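Chemist: In case you want the letters, here they are:
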Amino acid sequence: MLEVQDLRSAYGRIEVLKGISLDVRSGEIVALVGSNGAGKTTLLRTLSGVQPMTGGEIRFEGRRIDRLPPHRRVGLGITQSPEGRQVFGPLTVEDNLRLGAYHRRDRDIDQDRDRIFAMFPVLAEKRHLLAGGLSGGQQQMLAIGRALMGRPKLLLLDEPSLGLSPLLVDQILDAIVSLKKDGITVLLVEQNASAALAIADRGYVLETGKVAYSGAGAALLADPQVKAAYLGIA
Amino acid sequence: MAEFLQFLISGLTVGAVYALVALGFTLIYNASGVVNFAQGEFVMLGGMVTVFASAAGLPLPLAALVAIAAAVAIGLMLHRFAIEPARGASAVTLIIITIGASILLRGVAAIVFDKQFHKLPAFTGDTPVDVLGAAVQPQSFWVLGGTAVVVLGLYVFLEHTLLGKAVLATAANRLAARLVGINTTTIMALAFGGSAAIGAIAGILVTPITLTSYDVGTLLALKGFAAAMLGGMGNPVGAVVGGLLLGLLEAFGAGYLSSTYKDAFAFLVILIVLFAAPQGLFGRRVVERV
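Chains as they are written, first to last, in the numbering used here: chain A, 1 to 234; chain B, 1001 to 1290.
No lab work stands behind these hints, which were simulated from the structure alone. Quantities reported herein were computed from a predicted structural model and do not represent experimental measurements. Hints may contain errors.
As the list claims (entries may be wrong) - Restraint-style ranges between C-beta atoms, simulated for each label pair:
(1) 63(A) / 1065(B): 43 to 53 Å
(2) 75(A) / 1100(B): 31 to 41 Å
(3) 198(A) / 1275(B): 49 to 59 Å
Ideal Cβ placement from N, Cα and C applies to all residues, glycine included.
Excised from the complex, chain B in its bound form:
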């Protein structure tokens, strides 16, 4: 039972990070139809900038804010200088642009920072908390709580503000959105900025547990993408559920089967989803009346 609980909590913790990455994918995909493979680099930036800003003497909360701001600035620049000029290009072209941006960001990070692994101190100490026999890192609660706050904040924004509804409207029907006077370019910029912030927050929360380096983004982007596919691309609820499920799958798979194949589960999930249910768990069923 204690072992089961241990796997459960570590699965949820990792899953929460995947969920945040998947949410970033979803937000940009909904607003622009682009699958942004530079999403993992936002997570990397969140961790790395926080590490280096706090090493430069900033207190941790301030360093975290600097990291989020840096990620948002890069997200906005990615939209303005890479995606926006290619407006009207095919989805494949746009995806290749984001892959290029991802490689560029990784390269720049290796030069500006370094190629070492870095750690952040846990926000509230390293003494494990006993939960029904399972030893849980306090940082796990930060990851889970932080994810909950981000998800809740995004929900309130999308469902209860006019700007949030404009994002949903743009996702639902771009032509109609433009015809009612929504500036869809602004909405896209907002999605890139918001996605970058969410990614950076994920990176800051998880770095005390998993360490970070210039190239952690690649695997995280793939895991987040698998989570988004599992939940149903474009569905925010699906992204969260998909992320948590993928994290649990990894944790239980590594715990009960073999930890060697931990990373293989995500790719197994992508393949199974693509073959068996391409629309994912919560995929949009398109209902149209003529």
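The following block holds chain A by itself, in its conformation from the complex:
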């Protein structure tokens, strides 16, 4: 579904992605793990088109998308819940969700919104409140819900568990697994590597802008080198 070849990106003269190749197949959950500064967030932003790339190719459903502006990629079915949530603070919860469906012209938008409310009931309670006043966990749910409102084929999730309590982390992870059952393909970036690999079909370990290891989620979890370097388990 998504094929990335030799992707490069730089901030000024500092190259952050140094030729990344990976693929995501339809229906998979793929985890992208690695330490801070490895380039995980930059990779997702490049896939969405909000971070310029300096080389390589991105194909989505067989078609080159790397020259398309961000809004066209959303239209093709790639949406993102960004790092740090980035909700529209001065707008209500309901408006945030409605804007997630900004490119859609169909009649199912309200119905999809109700499904998000069923998934995260606390958002339904706060639907008329400003998003900026929600707690971190609620904002995270809203960011994921907003990305889902775009009816993605491929959902990019950047650090969905960052700064959340363990209980909320479990709730978010459960939600991600349930998305897979709905046929949504997920590319998941996580600092919580063991949790991410545990729910992932496959995983990639990034190291300073390159893919260091890749394989099935369970295999990476069991790999002694990955364990020592990234999972904090000796």
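Fit chain B to the known structure of chain A by using the hints.
Modeler: The following block gives chain B in isolation, referenced to the frame of chain A:
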């Protein structure tokens, strides 16, 4: 009492124009982070194009529409050919670009039109209306009413249409706006076009009272900027309140103190706001949860 009322109404009238200019600043600032110092030139264009179009034989309402269309076209061109190519440049660079555009527009207006002062006839006659002893020009009601309609229209657009919410979303978080599929370039073009229209409307409404010429934009831009700062840059309600307050301050200052220093009040306001409360009256208090 009659004198007080006289100052009050003339202050509100001038203030309404400042409010419209400040709204223009706010709209562009919110959508793009640019402080557009060519905002006053949109006001000038509104007045001047109407004057020359009606002198060419067009009826006044049609001449006004032509003027608004001309201002919108120039606003869109300003965005497309001056702001958009400099995307990613620093705020200071962008501000300097708009100052350059302002000088260019003034120069072109001096050549295309002329350097004389021009007047438009008041929309509904010049006979003053008596309001509790104060003599009020009927045109004042047009200015106040027109401003109210523009403010209301902008409110409905921003709060009750999806496109308007996309403008607010872009202002709140540009990255997130792009990630949900909002074409932020279109939103910016819309802001420049809308701002130009609002400025032109202000120019058309006020020209029967204050006259117009190729260079009225400079002072209006500064007054509007002062009003926007006073209200809190980026806040539409603040822009309107700031504009009205500044107009009242000028009118009462000129009436009770000295009319010589009328124009100084705006600059006094900028200085006081910058020193005492840089966020303005309604400035956004940034609340972020980590």
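Chemist: Please go over all the hints and tell whether each is borne out by the structure.
Modeler: Against the structure, the hints:
1. 63(A) / 1065(B): 43 to 53 Å: 45 Å, holds
2. 75(A) / 1100(B): 31 to 41 Å: The hinted range 31 to 41 Å holds for residue 75(A) and residue 1100(B), with Cβ atoms some 36 Å apart.
3. 198(A) / 1275(B): 49 to 59 Å: With a Cβ separation near 57 Å, residue 198(A) and residue 1275(B) satisfy 49 to 59 Å, so the hint holds.
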